[in-house]
Amino acid sequence: MTEENRKIAFICSKGNLDMAYPALVMGWAALGNGIDVTIFFTFWGMDMIRRLRIDHLEIAPVANTSMKMSMMGVNTGNLGIPNIMGIIPGMTAFATKLMKSKMEKLEVPPVNEYLQMLVDAGAKLYACKMSVDMFDLKKEDFIDGVIDIVTAGDFMDMTEGAQIIFI
Amino acid sequence: MATREIAGKIVQVNDEGFMTNPSEWDKDIAVALAKEEGFAELMPEHWRIIEFCRQSAVNSGKAPTLRQITTGSGVSTKDLFALFPKGPAKKVARISGLGKPEGCV
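Protein sequence lines correspond, in order, to chains A and B. Just so we're aligned, residue 1 is where the first sequence starts under the numbering used here, counting upward by one. Just so we're aligned, residue 1001 is where the second sequence starts under the numbering used here, counting upward by one.
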């Protein structure tokens, strides 16, 4: 089995709800296949591990060219959601609610629960020191699964031989 | 479709070694497949998960995903990964005589 020593490291740099899932889905699949998983959270990606933010990640329709009217159940083909509509108060909350309900229907757990599943399955989580300093955060601001706050150099040391995926 | 002998029985398998006809499976086969996966013996905790997978496949026609196993059988993620170390996804399905789980969660 060549997979036995395979290692994957994800760098999560985005705090949008839609960008939280790639590392969770792939990380979970990797763990299920016996692959070692390390996740490094940097910049906005730290929202995924901040107690204050983890349950409040959102997706905004503004400037998202892939978000179409048809996603709201209106059969309008390729017609986009006009940016002017996206700036109406409540649109971000609406899009977020829509995405969360779709995920729930597919039995995809919320970010908080998903991340805990990964930790329980052996994933190692780290926060980026420079981002932590910049946002004036402390280790206590993060969920329990976060092992430590590390530098970019530490990350390079701990991911030797790993495949690295930047998100 | 290839066949092979497991625990004295000829069964159908695919090219990845997963059984393709769940009705050919029995507990002796599970023990033999578990040995191939590196388990010296199967404990009651293993059987509980294997039996859950078997039952789940009867209902849905396919192997449950890891999350379906934890939410459905009540075993925790930690315990599931401790019982089937180094990647339970394929191991559990293979020992249970089912195909690879098809879902992503």
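Treat the hints with care, since some could be wrong.
To be verified - Listed below are several chain A residues computed to face chain B (Cβ distance under 7 Å; list not exhaustive):
{"no.": "1", "residue": "Asn33"}
{"no.": "2", "residue": "Gly34"}
{"no.": "3", "residue": "Ala121"}
Quick caveat, the hints were computed from the structure, so don't treat them as lab data. All residues carry an ideal CB built from backbone N, CA and C; glycine is no exception.
Quick rundown of the hints versus the structure:
1. Taken as an interface hint, A:Asn33 checks out: its beta carbon lies about 5 Å from the nearest beta carbon of chain B, inside 7 Å.
2. Taking 7 Å as the C-beta cut-off, the interface hint given for A:Gly34 holds, the closest approach to chain B being about 3 Å.
3. Checking A:Ala121 against chain B: minimum C-beta separation of about 5 Å stays under 7 Å; hint holds.
Against the hints set out earlier in the document, no violation occurs for any number.
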